[in-house]
Amino acid sequence: MNIGVTEISPRAVQRAAEKNFKSGYYCCEALMCTIRDEFKLDVPKEVIAMSSGMAVGAGKSGCVCGAFNGGLLALGMFFGRTEQDGPTNPKSVKCMELVHELHDWFKKANEKNAICCRVLTKEFNMGQGEHKEQCIFFTGLCAWKVAQIVCRELGIKNLDEIDEPAERRAIADI
8 MNIGVTEISP
18 RAVQRAAEKN
28 FKSGYYCCEA
38 LMCTIRDEFK
48 LDVPKEVIAM
58 SSGMAVGAGK
68 SGCVCGAFNG
78 GLLALGMFFG
88 RTEQDGPTNP
98 KSVKCMELVH
108 ELHDWFKKAN
118 EKNAICCRVL
128 TKEFNMGQGE
138 HKEQCIFFTG
148 LCAWKVAQIV
158 CRELGIKNLD
168 EIDEPAERRA
178 IADI
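Okay, so the sequence shown: first residue is 8 according to the working numbering, each after it adds one.
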């Protein structure tokens, strides 16, 4: 896979992911589309399609947060393996470490100490769309962290002066 950028703003990636969600993608799709487009990856659009079922806690089951699912898929796209050579493959080990980093960071960053969609959205009426602002923000958070990790691990210049995600915004401001 070729990466078409040598520098990027993870905060701009965060904002693009938020916009992609608001514009009609689910959380996981928005994250994958954003990473593909912002890093100018030479991968087919089907990487977005493969993430479609991972939204709303995996097929609307309420299990693992779709934004987090998108993050782990994106990290796998960059750092995963394609060989069947056991658990000691350095790519496999590195990918697992990076996904674990995302997991632990996201639990802390979302301030709910969870990655379960049902836990993250329990105070919302999902049928009324009350969760959307939070979910857009969580999608942006995961996109930011993925971009930050990719920059660090692959030596891509991080253009942000502040190495932390941008603040949460109201839907109308996205």
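I should point out that these hints are in silico values taken from the structure, not numbers from a laboratory.
Some clues are possibly wrong.
What the hints assert, rightly or not - Taking lysine-lysine pairs in the DSSO-like style, the calculated list, with each CA pair at most 27 Å apart, reads:
| hint | residue 1 | residue 2 |
| --- | --- | --- |
| 1 | K26 | K139 |
| 2 | K98 | K26 |
| 3 | K139 | K101 |
| 4 | K98 | K119 |
| 5 | K101 | K129 |
| 6 | K115 | K101 |
| 7 | K139 | K98 |
| 8 | K164 | K67 |
| 9 | K129 | K119 |
| 10 | K139 | K164 |
| 11 | K52 | K115 |
| 12 | K98 | K29 |
| 13 | K164 | K119 |
| 14 | K47 | K101 |
| 15 | K29 | K47 |
| 16 | K101 | K26 |
| 17 | K119 | K47 |
| 18 | K129 | K139 |
| 19 | K115 | K129 |
| 20 | K67 | K115 |
| 21 | K129 | K67 |
| 22 | K29 | K101 |
| 23 | K67 | K114 |
| 24 | K101 | K164 |
Stated by the list, open to error - Beta-carbon label-pair distances, calculated as ranges:
| hint | residue 1 | residue 2 | range |
| --- | --- | --- | --- |
| 25 | E160 | P51 | 21 to 29 Å |
| 26 | K26 | A56 | 41 to 49 Å |
| 27 | E90 | N9 | 17 to 25 Å |
| 28 | K67 | D44 | 24 to 32 Å |
| 29 | T89 | I181 | 16 to 24 Å |
| 30 | E90 | Q135 | 27 to 35 Å |
| 31 | E14 | R176 | 41 to 49 Å |
| 32 | R175 | D92 | 16 to 24 Å |
Glycine included, every Cβ here is placed at the ideal spot set by N, Cα and C.
Hints the structure violates: just list their numbers, smallest first. Those not satisfied are hints 2, 3, 4, 5, 7, 8, 10, 11, 12, 13, 16, 17, 22, 26, 29, 30, 31, 32.
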